[in-house]
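Going down the list, the sequences are from chains U, C, P and F.
The opening position of the first sequence corresponds to residue 1 in the numbering used here, with each subsequent residue numbered one higher.
The opening position of the second sequence corresponds to residue 1 in the numbering used here, with each subsequent residue numbered one higher.
The opening position of the third sequence corresponds to residue 1 in the numbering used here, with each subsequent residue numbered one higher.
The opening position of the fourth sequence corresponds to residue 1 in the numbering used here, with each subsequent residue numbered one higher.
Hints were generated in silico from the structure; no laboratory data involved.
Warning: the hint list may mix true and false statements.
Simulated crosslink set (DMTMM-like; lysine to aspartate or glutamate; CA at most 25 Å straight-line) [stated by the list, open to error]:
#1 P:K176 / U:E198
#2 F:K130 / C:E134
#3 F:K160 / F:D132
#4 F:K103 / F:D73
#5 F:K130 / C:D87
#6 F:K176 / F:E161
#7 U:K373 / F:E29
#8 C:K442 / U:E460
#9 F:K127 / C:D6
#10 F:K176 / P:E33
#11 P:K41 / F:D73
#12 P:K103 / P:E142
#13 P:K181 / F:D73
#14 F:K130 / C:D305
#15 F:K127 / C:D189
#16 F:K103 / F:E29
#17 F:K127 / C:E437
#18 P:K103 / P:D73
#19 F:K127 / C:E249
#20 F:K181 / F:E136
#21 P:K41 / F:D46
#22 P:K127 / U:E198
#23 P:K127 / U:D481
#24 F:K176 / P:E142
#25 F:K181 / P:E136
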Amino acid sequence: MELRIDRAGVDRCRALAAAVVAPVEEFIAAHSTVSVERAVLRLLGVDGIGADEVPVPNLIVDSLPPSQRDRGAALAFGKAVAETGLDPAALGEAIAAGRFALADFSGVPDAAAHGALRPHVGRALAYIRGRRDERSARLARLPQLRPPLLYVIVASGNIYEDRAAAVAAAEAGAQIIAVIRSTGQSLLDFVPFGPTTEGFGGTYATQANFAIMRAALDEVSESLGRCVLLTNYASGLCMPEIATMAAMERLDMLLNDSMYGILFRDINMKRTFIDQHFSRMLNAYSGIIINTGEDNYLTTADAVDQAPAVLASQFINEEFAHRAGMPDGQIGLGDAYEIDPDLEDGFLYQVAQAQLTRQIFPNAPLKYMPPTKHMTGDIFKGHLIDALFNLTSVMTGQTIHLCGMLTEATHTPYLGDRALSLENARYIMNTARHFGEEIAVKPGGAIERRAGDVLSGCEELLNRVGGMGLMAAIDTALFADVKRSPDGGRGFDGVFARAGDYFNPFDEALRRELVPA
Amino acid sequence: MELRIDRAGVDRCRALAAAVVAPVEEFIAAHSTVSVERAVLRLLGVDGIGADEVPVPNLIVDSLPPSQRDRGAALAFGKAVAETGLDPAALGEAIAAGRFALADFSGVPDAAAHGALRPHVGRALAYIRGRRDERSARLARLPQLRPPLLYVIVASGNIYEDRAAAVAAAEAGAQIIAVIRSTGQSLLDFVPFGPTTEGFGGTYATQANFAIMRAALDEVSESLGRCVLLTNYASGLCMPEIATMAAMERLDMLLNDSMYGILFRDINMKRTFIDQHFSRMLNAYSGIIINTGEDNYLTTADAVDQAPAVLASQFINEEFAHRAGMPDGQIGLGDAYEIDPDLEDGFLYQVAQAQLTRQIFPNAPLKYMPPTKHMTGDIFKGHLIDALFNLTSVMTGQTIHLCGMLTEATHTPYLGDRALSLENARYIMNTARHFGEEIAVKPGGAIERRAGDVLSGCEELLNRVGGMGLMAAIDTALFADVKRSPDGGRGFDGVFARAGDYFNPFDEALRRELVPA
Amino acid sequence: MSRFVKPYGDTMNDGKVQMSFTLPVDWSEAADEAARQLAGKMGFTDVQVVEGRRIATGFSFFVVYASTPQSVDVESIKASSSRAHAMTMEEIDAFVSERIGRKVRVAGACIGTDAHTVGIDAILNMKGYKGDYGLERYRTFETYNFGSQVAAEDLVAFTKERGVDAILASQVVTQKGSDVKNFTELAELLEAEGLRDRVVLICGGPRVTNLMASELGYDAGFGRGTLPSEVAAFVAVTLADRMRRDSRTNGQMLT
Amino acid sequence: MSRFVKPYGDTMNDGKVQMSFTLPVDWSEAADEAARQLAGKMGFTDVQVVEGRRIATGFSFFVVYASTPQSVDVESIKASSSRAHAMTMEEIDAFVSERIGRKVRVAGACIGTDAHTVGIDAILNMKGYKGDYGLERYRTFETYNFGSQVAAEDLVAFTKERGVDAILASQVVTQKGSDVKNFTELAELLEAEGLRDRVVLICGGPRVTNLMASELGYDAGFGRGTLPSEVAAFVAVTLADRMRRDSRTNGQMLT
Ligand code: B12
Ligand code: B12
Ligand SMILES: Cc1ncc(COP(=O)(O)O)c(C=O)c1O
Ligand SMILES: Cc1ncc(COP(=O)(O)O)c(C=O)c1O
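Okay, chain U solo, but in the shape it has when bound (with noise of 0.2 Å):
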């Protein structure tokens, strides 16, 4: 199924994409965040907690006089391995433990600074790209399945409890598991520590939760003879250093939206561009697939209406992702099945918008979203509309499926719900597995049509964003609706202006490695 689009369209979304970012690219290039610093602390070593259960990163980024922390914790921390020798886990534990302070090292030369993190940055990233290899090795003889790629959610708070349940979904048929976090954690300015059994609405990102169940889904994929991948959440105050972790601990994907925290948590606008871009050059390098949550904007406004701000989004989400480095086969870029069930001919609309995405985005490894706010407490409705979702997706060939759940409206999937979604979409991209590839779109007809409008309405938007600049843009609610000013927000007090020796060993080798001059 092809439809005829407007190239020439296209084209100029792109390039009027390219324009909204610029700028923002030269604010974000000449400034950082403490979440930044704090990743580069954990990427050399650092981690763990000190009194209080503040994670190390954090003592340390938040030690430091703004003087010092303008020019990139790294070369404060640089200074004191080189002076004590130590490595940069023991160091930071030393700091944790009261045993040093930075400020004792300022005497330094910077040079030696500069000099001391180099073999501990080179076996960072050695180690990363080892994760990589060994990724690629994994998928290589446990190979995935045919997309779309079937996506569940486990929930439970505690991460033993995911964990069955992720094994148990994995064994059903699901080729990828997200653990959803606890709420509101993308609203805490650090990264909790250790193996957690207690959350709200979901299971805190920890880089410990990461190792339990990245190990049970490496046991499971060997008994499954494919592989079955991990995601988790980034965006939020911690994009790099869950980036960080994730990279570690060898997550699969991420979900990482340029604007989606500003938007949706209320983020600094200044603090989010920061953030995404470098924990997206480390996505990049360590090989994971981002997710970018456009469905956020159908679950809080009509569908009908947004899809034009949807295909915008996902514009600049592959604008910001392509000037991190990362090419298109990690981009997934996010749609959703959100139009109301009632609504005459939706289900042509749905069509109509996930393959004009489809097609503008050829290799992008597209996220679809399933019905989530037109879902009832009348589950039998609830499974239908999941089932034409579940056609949509095979029909237009999107490749990461998020499975629907028929108790969507009631409570966060018990073990049996996931089961039935499961076989849900597999009896559906079963039966109907080659159907898209037999049928043809009327020219002209209402699905093309459709398609044309959101396309050139898409168009118009990025106009008037263009015109007045992003910031400007989401400050007057061009986006979702949502006013947020560029100074406003959680986490602007964790934003800084790099000064004129700023010191970042991962930026600049990522930048070297990734980022087309």
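Since chain U is already given, all that's left is putting chains C, P and F with the ligands on it; use the hints.
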């Protein structure tokens, strides 16, 4: 959605069907059956039951010695009418009461009999014509919703429970109500009398039950502002009589297949052929839409293999109907969604078959039957299979849509099951209302190829049938792998050759009225 | 006079119920039998395990049809409805101007850690819900929408200083009884501040029922599918009644 | 040692169950409450009526989630399986030739007024079921398929005169307990004729369980998804055992 089909092949199939049916029609014209004769008496006004609840029409026909019977019950009965001057109803009662025997009037001249019945024949036909006009008037005043027309069954065994269920279903969106017959009624050589409350797996088809349900549906039609149609079953040993009762009680549809009784109920083939012809002339005259039973081929054997047989049966049913003077608009040819849900691309084959049928019989009110055989106790999956059936139906423009039940494998429908089933159909058919019109199938693709294979397979089968003749073909199990011999099966003793002076005023009138010389 | 009803399959009082559940056991014929016995223990008769299958190592899924002997007297159940007074926006505006004679001050929020604002927004925002305009659109209402994750304290403080007439609290997340917890906290805080009688206190959310609301000490509760006008009507009518009552009692005090 | 299990939602022993049913009442908030109370009377706790709506005049439909306090001891349940001995057609043929040394005579039918032959045909016809050949295909089996609506008498009479080794009776229609009625009638007739011990008596159908079969005095019962080879294996093994047993007792009699 339009398939390119081999029109010449279709024409050849029609020609073959005509050749297959022609000799059978000659046989039919030269014979009659006890049920035809009983129908004649019922048309004249004879009704009621005598000793041991034997219906009066049976009493009378059974009382005739072969020599009399072969000349037609109307002749002997007409003589009695001429002689006694009683009207047929009264005469029937008198005979049942033993006050007369037809033998007493053998002396009356044939002409007198013919003359005596003429007014009664006229009155009967006028009455049926009047019922037909009534239907048209109601349909004009309370128009149907657009097809597919949602059809559900009631089957409690108790006509009063059925009535409650039927009204509830109509309110929930049903447009057609079928009262399933009690198991094995089709094997009874008489029609039960009066309202019944004890049925098994269904409710007896009696004229009183027809009237009760008709009244209830007329009432709810008014409150809904749309006609709710009523269906029952004719095929069986009493096809002609049930056709008579249905005409009088203004039913809108009857299941009436030219071979179902033979293949699936082991009713003698000659009996069936003769009965279906007379009953179809009556159906044609009373404006009743027939439903054929091709779905039965698919419940007993593999649906993919049987597709050509289904099409062949449709051609044969069409030809028999035409020969009975029935216009295309009343020929509800059957098909069903019975392919194994776990077959890859099974959905494509279903679409191919449904669309092929639609295009070959453009003016027929096609009757599409739901998945039944592959339905299991997994009601959640069953509901999904029904959903794709609903989608296929609206995509391919089926006319009469028998709604599938998620509990098909478990029990005859509960009231709540029907509501969910109708919700399923309404949701799918609305959200995908114009999908079929908006797509085209890939030329030479899997769907078109499948349709082509079915058509050529059908031609091949019809060729073989034509070669040996229809009766011999059935005798050699060419249909549904079932072998039936020409003189075997139930009801053969009720078949007889018409004497030279055989008299059947309705047969004459209807042929004159309907059948192209 | 009472009327006892049972679930209805295809005959009055057959008591037919459909059930599905997962058992933490590997599938086997014994597992089906276990499901059958379990349904029996629940008090069902005529138990048919129509589906039983493995869904994962150590887990099986079942579909069961059975009859319950239980019945309930529908005449005895009087779940008062909060949607009693149907009025259009125009009628309500007219009613308020006439009977209350000033703007009605309404404060709404999604309280606790709940961030599901779509529901409360549907009631408050101009746009409204299902073609029914939201309270902001009403000429005679002055609405404050605090959005998501609002602490009860803040809402109460605001009520105090601004003399709010009606509080609309929303809870969509119900896990671990968080909704009841948050609603209760708000009601108690208002009591403590001596504000309870001064405001029309309303709660809402997909799992809210009017019954639950009164049990929690609220004036009304609105559940799935609520329309803004239903809420506006309730607020207007309740407020008008109270004012009449109060003026009467005041009158008495004077004499 | 016993192991009590409860339905599993997302946590061990949470007892979560899904239910749906129709009540013969018009929908209202009171109807939802009636559904909630009814579930309570059934012994469920934590009852959530997540859907309740009018489906017709005087009828409402409900979806409920709730927790059951009931549990069942899975260790105590020993539903013996009739599908114990897995063998291929070749193995079974070999087994019969060696251990029985003659063809096994099997008579099958769909008894009573039941006309659902697809099931019994799936077991008997050459073609078989799900790629597993039917008994007619077996070298060592001689099968008679009587098709549909067969009276128990005829089957018994035939058994008597032809010395049938195994009878396969099918029942698909279960309304009003017709299946149990017909199976029982057949078993009793065989008793009366003194043939019961001479044949392997087997019943089957979508609602048949091995447990039910033994309660009805059958040697085995086969339910949904049965494969012909499972049935053939059971017949062969059971017959062989009996012959060994009989020959032994005969041996003793001689001495
Ligand atoms: C949209 C949505 C979101 C959006 C919310 C966006 C936003 N700004 O509101 C996003 C994506 C952010 C989200 C996030 C989460 N969600 Co959420 N979400 C939903 C969803 C899909 C729809 C809710 C909705 O908008 N319904 C439409 C509105 C109009 O209906 P309504 O809320 O019932 O409101 C009506 C009535 O109830 C009434 N009403 C409501 N409030 C009030 C108040 C008053 C005073 C009155 C008079 C009336 C009234 O009037 C409204 C109009 O009729 C539901 C699933 C579902 N289909 O219900 C899950 C759901 C509510 N979410 C859920 C969860 C768990 C979460 C997360 C915790 C998941 C996670 N870990 O990320 C987070 C946490 C967010 C938080 N801190 O609360 C669960 C809750 C489970 C439970 N019962 O506890 C649900 C049921 C999904 C599920 N099955 O898991 N979610
Ligand atoms: C096909 C079918 C028909 C066909 C039957 C054709 C035929 N020659 O068999 C036709 C259209 C004729 C028909 C008619 C009727 N049917 Co019917 N039919 C079905 C249907 C759709 C499928 C049954 C089937 O073939 N299953 C496939 C086979 C392979 O599965 P199976 O039977 O379970 O057999 C397997 C096992 O059970 C086992 N097995 C079965 N028997 C035996 C025996 C032995 C010895 C062994 C070892 C194993 C064994 O092995 C088989 C392979 O694994 C079911 C619904 C459903 N999906 O189940 C309704 C169904 C069985 N029918 C039903 C009814 C009510 C009728 C009618 C009464 C309706 C009517 N009033 O017209 C009539 C009456 C016919 C009669 N006198 O019995 C009801 C029964 C309700 C109940 N539980 O009592 C059902 C459940 C549909 C419904 N929900 O209403 N039906
Ligand atoms: C892009 C993105 N990131 C993160 C999240 C999860 O965010 P939180 O943890 O704030 O609920 C979502 C969920 O919708 C998302 O779409
Ligand atoms: C054409 C036709 N006639 C009649 C019937 C009902 O027949 P019986 O009453 O014999 O079950 C069917 C049911 O499948 C049918 O398809």
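task: Run the structure past the numbered hints and jot down the numbers of the failing ones, going up.
output: 2, 3, 4, 5, 6, 8, 9, 13, 15, 16, 17, 18, 19, 20, 22, 24 and 25
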